[in-house]
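Number of protein chains: 2
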Amino acid sequence: MTVKRNRMSPEARKTAILDAATRLLTVQPWENVTVAGIVAAAGISKGGFYHHFISREDVLLAVIQRLADDSVAAGQASLARLETDPVARYSNFLIQEARWELSHAGKIAAIVRMAKQDGNAPLLIRLKEESLRRNLPIVRALIGDGMAKSVFQVVDVGLTADLLLEVGRMRWPTFLRARQLALAGDRASGWQMIRERVRAEEGLTNRLLGLADRAVRFAPVDDYAPLLDPGCALP
Amino acid sequence: MTVKRNRMSPEARKTAILDAATRLLTVQPWENVTVAGIVAAAGISKGGFYHHFISREDVLLAVIQRLADDSVAAGQASLARLETDPVARYSNFLIQEARWELSHAGKIAAIVRMAKQDGNAPLLIRLKEESLRRNLPIVRALIGDGMAKSVFQVVDVGLTADLLLEVGRMRWPTFLRARQLALAGDRASGWQMIRERVRAEEGLTNRLLGLADRAVRFAPVDDYAPLLDPGCALP
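Sequence lines, in order, name chains A and B.
Following the UniProt record's numbering, the numbering of the first sequence begins with 1 at its first residue and continues without gaps.
Following the UniProt record's numbering, the numbering of the second sequence begins with 1 at its first residue and continues without gaps.
Source of the hints: derived by calculation from the structure; they are not laboratory data.
Glycine is no exception: its CB is placed at the ideal position from the N, C-alpha and C atoms.
One should not assume that every hint holds.
[To be verified] Residues from chain B that keep clear of chain A, each with C-beta distances beyond 10 Å, as calculated: (1) T34; (2) I44; (3) G47; (4) R66; (5) A98; (6) H104; (7) G106; (8) D118; (9) R177; (10) Q180; (11) L183; (12) G185; (13) R187; (14) L228.
[As the list claims (entries may be wrong)] Listed below are the simulated EDC-like cross-link pairs for lysine to aspartate or glutamate, each with C-alpha atoms no more than 16 Å apart in a straight line: (15) A:K116 / A:E31; (16) B:K107 / B:D70; (17) A:K128 / A:E166; (18) B:K107 / B:E166; (19) B:K128 / B:D85; (20) B:K128 / A:E166; (21) A:K128 / B:D118; (22) A:K128 / B:E166; (23) A:K107 / A:D19; (24) A:K149 / A:D85; (25) A:K116 / B:E129; (26) B:K14 / B:E57; (27) B:K128 / A:D118; (28) B:K149 / B:E57; (29) A:K46 / A:D58; (30) A:K128 / A:D85; (31) A:K107 / A:D70; (32) B:K116 / A:E129.
Work out the full structure, taking the sequences as your base and the hints as a guide.
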């Protein structure tokens, strides 16, 4: 009789599979990621894999859903908060989102790397769609609240929500370029790049919402300092 | 001795290949489009195909380049015009672009259909990148001109250009939904959808450029009437 040691719980095994698949996707295009490769990276048996997933496409979908769920958790929390001032509520949304992103900077850097693998285009489009599907209702609700209270003046709720999300999506490639500059020794330029990007996003957000500049506030730029610290590995 | 009749010129043959490949892409994902299928649809020989292209990937790239070149021609023409007023210049850019799009509505509808084929995601991303690469310098130049003359007040030239192009990219799915409504008998709703979309884009453009509402003007909404005419097939 074989005694299996260190046997994982089903939940831990599923997480190990998703972690392994996500990791593999950051170093190779999806078409090269096999069930055998995932199983080896996760340290589980093929039987264990097929207990949770019916195919590699099935894992792909689960990886995408998990990334999208993670990205939206902060926004949902801020929507539930009780501020009655729409400006404070929107600022809180941006600050919570920034804090979540900073504490998951390693995972976001991995997604940016993933996006650069040629064959991963369908995956990235799916991730964008899943993320939009979750984030659009939140941003629309925040805008709608501000409109209903005659605080925001937007041209078109739907288009404005699309554009606000588009601004946010382009944030991290800039932050990671800033980190590369700092790691290469030019911390001052990296710092200026982050400062300008944060200010630009704050300015565009207020303009799109029909507010005075600096009404809605982004997270303080100093929060991003760890990104430029060569001694600080991304989590 | 075999006499070949109706022999195409090399240029005509190349165009026939690109036309056939573009047509096939509107009804099936790229992975199902074969050299044999393109050759049959273009009415040429395999030898004729390989005279111009080394592989199906090679045709794909040429199809994308041609679509992107077409889409940018109107913008380039308006950049070359002599208006010294940045507002008139930007309006002219939008109006020229709208005219080009309307006279190529059939091709644009085909691209929107192409985008809905699952396997075409990499192609669509490539098309978006190629189109951005051509359009961004034009829009940045138009914005830069308006800033230099202290007429436009934008938050950030690069981000603003990205957002202005993003607004335009989302235009046609709305127009085609409006046409479907009209073809189904509800012309009034289709007309309202187009009117609201054009007004929203005009409003957002002026806001992003830091102008009064209705300073920069989009093409007159009446220009879009043919889209709603059931008797008028898309070209």
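Do the hints match the structure? See the list:
Interface exclusion of B:T34 from chain A stands, the closest Cβ pair being 19 Å apart, more than 10 Å. Listed as outside the interface, B:I44 is consistent with that label: its C-beta sits roughly 30 Å from the nearest C-beta of chain A, beyond the 10 Å cut-off. With a closest Cβ-Cβ approach of about 31 Å to chain A, B:G47 is found to remain outside the 10 Å limit, as its non-interface label requires. Taking the minimum C-beta to C-beta distance to chain A, about 20 Å, the non-interface status of B:R66 holds against the 10 Å cut.
Listed as a non-interface residue, B:A98 keeps its Cβ farther than 10 Å from every Cβ of chain A; the least gap is roughly 17 Å. Taking the minimum C-beta to C-beta distance to chain A, about 23 Å, the non-interface status of B:H104 holds against the 10 Å cut. With a cut of 10 Å on Cβ distances, B:G106 stays outside the contact zone with chain A, its closest approach being about 25 Å. Against the 10 Å criterion, B:D118 falls within the reach of chain A, whose nearest CB is about 7 Å from its own CB.
Chain A leaves B:R177 outside its interface by the beta-carbon criterion, the shortest separation being 13 Å against a cut-off of 10 Å. The beta carbon of B:Q180 sits about 18 Å from the closest Cβ of chain A, which is more than 10 Å, so the claim that it is off the interface holds. Remark: the non-interface label on B:L183 is consistent with the geometry, its nearest Cβ contact in chain A lying 23 Å away (cut-off 10 Å). For B:G185, the requirement that its beta carbon stay farther than 10 Å from each beta carbon of chain A is met, with the minimum near 25 Å.
No Cβ of chain A comes within 10 Å of the Cβ of B:R187; the nearest lies about 22 Å off, and the non-interface call holds. The claim that B:L228 lies off the interface holds: its Cβ sits roughly 21 Å from the closest Cβ of chain A, which is beyond the 10 Å cut-off. Proposed proximity of A:K116 and A:E31 is supported: the alpha carbons are some 14 Å apart, at most 16 Å. A C-alpha spacing of about 10 Å is found between B:K107 and B:D70, which places the hinted pair at or below 16 Å, so the restraint holds.
With a C-alpha separation of about 10 Å, the suggested pair A:K128 and A:E166 falls inside the 16 Å cut-off, and the hint holds. Using a Cα cut-off of 16 Å, the hinted pair B:K107 and B:E166 is violated, with the two alpha carbons roughly 20 Å apart. A C-alpha spacing of about 30 Å is found between B:K128 and B:D85, which places the hinted pair above 16 Å, so the restraint is violated. For the hint pairing B:K128 with A:E166, the CA-to-CA distance comes to about 15 Å; that is within 16 Å, so the pair holds.
With a C-alpha separation of about 15 Å, the suggested pair A:K128 and B:D118 falls inside the 16 Å cut-off, and the hint holds. Restraint check for A:K128 and B:E166: the C-alpha separation of about 15 Å stays at or below 16 Å, so the hint holds. Between the alpha carbons of A:K107 and A:D19 the distance comes to roughly 10 Å, so the proposed pair stays at or under 16 Å and holds. Under the criterion of a C-alpha separation no larger than 16 Å, the hint pairing A:K149 with A:D85 is consistent with the structure, at around 9 Å.
Restraint check: the Cα-Cα separation between A:K116 and B:E129 comes to about 13 Å, which is no more than 16 Å; the hinted pair holds. About 15 Å separates the Cα atoms of B:K14 and B:E57, which keeps this hinted pair within 16 Å; it holds. Annotation: proposed proximity of B:K128 to A:D118 holds, straight-line Cα distance about 14 Å (limit 16 Å). Restraint check for B:K149 and B:E57: not satisfied, since their Cα atoms lie roughly 45 Å apart, outside the 16 Å limit.
Proximity of A:K46 to A:D58 is assessed by CA-CA distance (about 15 Å); at most 16 Å being required, the pair is judged to hold. For the hint linking A:K128 to A:D85, the alpha-carbon distance of about 30 Å lies beyond 16 Å, and the restraint is violated. Restraint check for A:K107 and A:D70: the C-alpha separation of about 10 Å stays at or below 16 Å, so the hint holds. Taking the CA atoms of B:K116 and A:E129, the gap is near 13 Å; set against the 16 Å cutoff, the hint holds.
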